[in-house]
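Undergrad: The whole structure should be built from the sequences, with the hints applied where relevant.
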Amino acid sequence: MIDFRHKTFLVLCDIGNYTRTAEHLHLTQPAVTQHIQYLEEKYDCKLFRYENKRLTLTPEGEELRELLTRIAADASHFER
2 MIDFRHKTFL VLCDIGNYTR TAEHLHLTQP AVTQHIQYLE EKYDCKLFRY ENKRLTLTPE
62 GEELRELLTR IAADASHFER
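Numbering of the sequence shown is given in our numbering, commencing with residue 2 and proceeding in unit increments.
In case anyone wonders, no lab produced these hints; they're calculated from the structure. Check before you lean on any hint, since a few could be wrong.
Said to hold, decoys possible - Each pair of labels, with its calculated beta carbon distance range:
#, residue 1, residue 2, range
1, Glu24, Ala73, 14 to 24 Å
2, Thr70, Lys43, 23 to 33 Å
3, Thr57, Gln30, 15 to 25 Å
4, Lys54, Asp75, 33 to 43 Å
5, Lys8, Asp45, 15 to 25 Å
6, His25, Glu63, 18 to 28 Å
7, Pro60, Gln38, 13 to 23 Å
8, Thr34, Glu64, 19 to 29 Å
9, Cys46, Ile72, 10 to 20 Å
What the hints assert, rightly or not - Below, a list of computed lysine to aspartate or glutamate pairs in the EDC-like style, where the Cα atoms sit at most 16 Å apart:
#, residue 1, residue 2
10, Lys43, Asp4
11, Lys47, Glu63
12, Lys43, Glu64
13, Lys8, Glu67
Owing to the predicted nature of the structure, the values given are computational and were not obtained by experimental measurement. Note that CB positions come from ideal geometry on N, CA and C, so glycine has one too.
TA: See the structure below:
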């Protein structure tokens, strides 16, 4: 099941900016940071990195995004 921290992660993947993700989710930027830090500690890996001032997914982050996207799609299929 996807909790709110996972949703924050997915939105950050799509938007690529902590501040705009916070605005989109009606959170503070530090809350978004805390959600990502929680997930990084939970999975014991970095999910994002900066390349030339641009936020990008690490290979582990990409794998988590793919997994969560599949879970969300499966869940929406069963909710119909």
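Undergrad: Could you run down the list of hints and mark each one as holding or not?
TA: These are the hints, each one checked on the structure:
1. Between Glu24 and Ala73 the C-beta distance comes to about 22 Å, which sits within the given range of 14 to 24 Å.
2. Distance hint check: the CB atoms of Thr70 and Lys43 are about 18 Å apart, inconsistent with the given range 23 to 33 Å.
3. The beta-carbon spacing between Thr57 and Gln30, approximately 19 Å, falls within the hinted interval of 15 to 25 Å.
4. One distance hint, 33 to 43 Å for the beta-carbon pair Lys54 and Asp75, holds here, with the actual separation near 36 Å.
5. At about 21 Å, the CB distance of Lys8 to Asp45 agrees with the hint of 15 to 25 Å.
6. For His25 and Glu63, the Cβ-Cβ distance of about 21 Å falls inside the hinted range of 18 to 28 Å, so the restraint holds.
7. The supplied range of 13 to 23 Å is met by Pro60 and Gln38, whose beta-carbon atoms lie about 19 Å from each other.
8. With their beta carbons about 21 Å apart, Thr34 and Glu64 fall inside the hinted range of 19 to 29 Å.
9. As the Cβ distance of Cys46 to Ile72 is approximately 18 Å, the hint placing it in 10 to 20 Å holds.
10. A hinted pair counts as satisfied when its Cα atoms are at most 16 Å apart, and Lys43 with Asp4 qualifies at roughly 13 Å.
11. Distance check on the hinted pair: Lys47 and Glu63 sit about 11 Å apart at the alpha-carbon level, within 16 Å; holds.
12. Using a Cα cut-off of 16 Å, the hinted pair Lys43 and Glu64 holds, with the two alpha carbons roughly 15 Å apart.
13. Taking the CA atoms of Lys8 and Glu67, the gap is about 13 Å. The hint holds against a cut of 16 Å.
In terms of the numbered hints stated before, the structure departs from hint 2 and from no other.
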